[in-house]
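**Q** Spelled out from the first residue to the last, the chains are:
Number of protein chains: 2
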Amino acid sequence: MISRVLAADVPAHIGARIRVAGWVHRRRELKSVTFLVIRDRSGLVQVVLPESDVPEETVVEVEGIVIASGQAPGGAEITEPVVTPLSEPAQAPPFDLYRPNLSATLPTILDNAPVALRHPKMRAAFTIAAASVAGYRAALDELDFTEVHTPKIVGTATESGANVFGIDYFGRRAYLAQSPQFFKQSLVGVFERVYEIGSVFRAEPHDTTRHLAQYTSLDAELGFISDHRDVMAVLRHAVAGMVDCVRTRAADAVRLLGIRLPEVPPVIPEIHFVDALALVGAPPDEPDLAPAHERALSEWALAEHGSEFLFVIGYPIRKRPFYTHPDPARPEYSNSFDLLFRGVELVTGGQRLHKYSDYLAILDDTEPYRGYLDAFKYGMPPHGGFALGLERWTARLVGAPNIRQTTLFPRDLTRLSP
Amino acid sequence: MISRVLAADVPAHIGARIRVAGWVHRRRELKSVTFLVIRDRSGLVQVVLPESDVPEETVVEVEGIVIASGQAPGGAEITEPVVTPLSEPAQAPPFDLYRPNLSATLPTILDNAPVALRHPKMRAAFTIAAASVAGYRAALDELDFTEVHTPKIVGTATESGANVFGIDYFGRRAYLAQSPQFFKQSLVGVFERVYEIGSVFRAEPHDTTRHLAQYTSLDAELGFISDHRDVMAVLRHAVAGMVDCVRTRAADAVRLLGIRLPEVPPVIPEIHFVDALALVGAPPDEPDLAPAHERALSEWALAEHGSEFLFVIGYPIRKRPFYTHPDPARPEYSNSFDLLFRGVELVTGGQRLHKYSDYLAILDDTEPYRGYLDAFKYGMPPHGGFALGLERWTARLVGAPNIRQTTLFPRDLTRLSP
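First to last, the sequence lines map onto chains A and B.
Counting from 1, position 109 in the first sequence corresponds to residue 1051 in the numbering used here; the numbering is continuous, with no gaps.
Counting from 1, position 269 in the second sequence corresponds to residue 1211 in the numbering used here; the numbering is continuous, with no gaps.
One should not assume that every hint holds.
What the hints assert, rightly or not - Taking CB as the label site, the calculated pair distances span:
| id | chain 1 | residue 1 | chain 2 | residue 2 | range |
| --- | --- | --- | --- | --- | --- |
| 1 | B | L1305 | A | A1245 | 42 to 48 Å |
| 2 | A | K1261 | B | T1150 | 43 to 49 Å |
| 3 | B | L1305 | A | R970 | 44 to 50 Å |
| 4 | B | S1168 | A | A1010 | 44 to 50 Å |
| 5 | B | P1229 | A | A1010 | 54 to 60 Å |
| 6 | B | P1208 | A | G957 | 31 to 37 Å |
| 7 | B | G1108 | A | A950 | 44 to 50 Å |
| 8 | B | S1168 | A | G1200 | 46 to 52 Å |
Stated by the list, open to error - Taking beta-carbon pairs under 8 Å as the criterion, some of the chain A residues facing chain B (in silico):
| id | residue |
| --- | --- |
| 9 | W965 |
| 10 | V1004 |
| 11 | V1024 |
| 12 | S1141 |
| 13 | F1166 |
| 14 | R1197 |
| 15 | P1268 |
| 16 | T1308 |
| 17 | G1313 |
Stated by the list, open to error - Derived list of chain A stretches under chain B, where covered just means 3 residues or more per stretch with a C-beta under 8 Å from a C-beta of chain B:
| id | segment |
| --- | --- |
| 18 | 1091-1097 |
| 19 | 1249-1262 |
| 20 | 1322-1334 |
Since the hints were derived computationally from the structure, they do not count as laboratory data.
Keep in mind the model is a prediction, meaning the values are calculated, not measured.
No residue lacks a Cβ here, since even glycine has one placed at the ideal position from N, Cα and C.
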């Protein structure tokens, strides 16, 4: 059997007899001729034959001769074909996959994810997500980080008591990890620099367009820093690596979606929390930024600095997790940051406490934290890190208004399948 | 401040004033001189000073002059040092980290994982694991696979009713996914070729040296195959990529542990299940291979074919999951395989059913499988895949008798922390 040619490569075989395989993306029957558009992982190719009753989405193999054709996608099409089904005739999908856009409501799309994701524009977002993750890893590998895999089942709901899923663990109570925070800090003691790409779980009781019960967290943590600015520099490098990799490895997806990739400035502009409040006209005693503030700050960064990225630093210490390092000059603020991207908080990070005595002073009951505190008891360097939500990043990049559009099979308050 | 030099690079700076930073790995006080061995992520470096009371594991920064020294590790040491602690004096660890091997029982090591993992030989196993995962991804990226992230929370315990963890999901019953099996098959319909590296969960009621409640599964699935042999060829490519990457990216760890990496033959030898039973002298009606059989088969493959890898193919269909494709020539056997490596089953895989009608015929109640079956209803190519447990792979590679030794923070029947 002659070896398979991918759809995108067909124009390079004009005059040759080739074999392609894929899904019948579209069947158009004219008076005396039928066009089958075949879809595979690389793209589309047109096949011309006298007639065909193969339903759309059926998987077929086609052998035929490639000829040049000005009208066909890619400038070539397959003639004199022999079409062999590789499976049974497919049932008709609940929407037309061949139209330029998937015309269905979001719930219908999500209910039918296995087939909706086949739409080239749906799929493109996940090609971009995969390239983003590859770029993240490459950037951190370059900086000598070690990839780790930590437990998703934890014995105590210590990081934050709320929004945690309980598990029946061999008759005991356990919980799904909300983040790898404690583990990645401990592992700074082992590897100095670690990253993890894994699932995290939040029992979010609200139905919003930017929260899910499970998402993919790109976590990093590094030791021997001076302060949070060293962490911000690593994050900048990681985000630049993500954009670069999307540009090179997901070029077709970027083109198909017609999106513009951001420039990552060599130094991302930053603003202190106090100045940020003043800039958006919020009262100076506000403890946090509201989504509207984040949008206004992003607009300001674009207008003032020409940057789609903005660091907000120095959040009030009382609004950050207990392990946050204070700003030594103004201890009511912290050595922490958020990275805003196109109007939304994309990353949270900062410097952490690294002295054992600081943790003992801050925690009322240390027993639930014993494993975590051991890392500090036996010597930890100044360190910090960050976490970036993959699905949220992809949504901002492709302009999806709802994070469910950039999650393969989202999990939320009501959705547990497919 | 002069920039930091890593321990491994110190010998390149003889005569220069440099700064290193790390943990006090060992302090040796002689009559008139004290040696501090500093450990960082790259290795060890010796510092010579008149006296010092900095306890081991304290994090310090050292500035001094590099001189050649035949006795010192790497042939250089730091003299005239200024030692500055970066943290409080560390408490004494429950074992000596500076000894060539960690002399403690496995429970003590696991109870004290944050500090035990700092031992260079403990850490080395995870450097090898990280390189293995990088090699796996590189090999599959080369073959045009797309990386995906799928739900770890599922609505029905459909893949196998047993050994599943229940979750309280917003007042409903849900479960932790035992594998991404259904998702990766569905996604063959979208991307043709996918892989996922993620956590999977098994409520293993037994306490063994090779099972855990959570492990890292390297999953892959691909479409447009002829049969299971196409899957086996991809798996061979992936495993070869893992070994290559360990060789290049984890050379120091391999050397430190004194391990020998396996050769992956261009074609891994295979034996049919029926012949395997005969070879090990088991009755011909045995439905599966016992661990002792797997060891004997591995020995045979090494003696007969000079290979540490062996494919056993054609397992009885009744012992494989319901989605397994039968062998068309002998339908009581299946187009499935296990890959044995050094006496243990490392990978399970095979060709899957791809026709909707086959699933309808085999499942008594299709309702719990609706999302999964949708992929087949709308057209799926012949496909197959495999899953490889990272921790088990690493254990075989480094010769660890217990999988807990190659898991950062293992979870089992009794262990939920650290």
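**Q** Hint check: is the beta carbon of S1141/A less than 8 Å from a beta carbon of chain B?
**A** 5 Å, holds
**Q** Is the coverage entry for the segment 1091-1097 of chain A by chain B consistent with the three-residue Cβ rule at 8 Å?
**A** holds (count 7)
**Q** Given a hinted range of 44 to 50 Å, is it respected by the beta-carbon distance of G1108/B and A950/A?
**A** Given about 46 Å between the Cβ atoms, the range holds.
**Q** Evaluate the given range 44 to 50 Å for the C-beta pair formed by S1168/B and A1010/A.
**A** 31 Å, violated
**Q** Mind checking the hinted window 31 to 37 Å against the Cβ distance between P1208/B and G957/A?
**A** With Cβ atoms ~34 Å apart, the hint holds.
**Q** Could you say whether the range 42 to 48 Å given as a hint is met by the Cβ separation of L1305/B and A1245/A?
**A** Once the Cβ atoms are compared, 59 Å apart, the range 42 to 48 Å for A1245/A and L1305/B is violated.
**Q** G1313/A was flagged as interface toward chain B. Is the shortest Cβ-Cβ separation under 8 Å?
**A** It holds, given that the least Cβ distance between G1313/A and chain B is near 2 Å, below 8 Å.
**Q** Looking only at beta-carbon atoms, does the pair K1261/A, T1150/B fall within the given range of 43 to 49 Å?
**A** 46 Å, holds
**Q** Hold the hint about F1166/A up to the distance rule: shortest CB distance to chain B must be less than 8 Å.
**A** 5 Å, holds
**Q** Measuring from the C-beta of T1308/A to each C-beta in chain B, is the shortest one below 8 Å?
**A** Because about 13 Å separates T1308/A from the closest Cβ in chain B, which is outside the 8 Å limit, the hint is violated.
**Q** Checking hints one by one. Is W965/A an interface residue toward chain B, by the C-beta closer than 8 Å rule?
**A** For W965/A, the interface hint holds, since the closest Cβ of chain B sits about 6 Å away, which is under 8 Å.
**Q** Classify the hint on P1268/A as holds or violated, based on whether any CB of chain B lies nearer than 8 Å to its CB.
**A** 16 Å, violated
Hint check: violations occur at hints 1, 3, 4, 8, 10, 11, 14, 15, 16 and 19; the rest are consistent with the structure.
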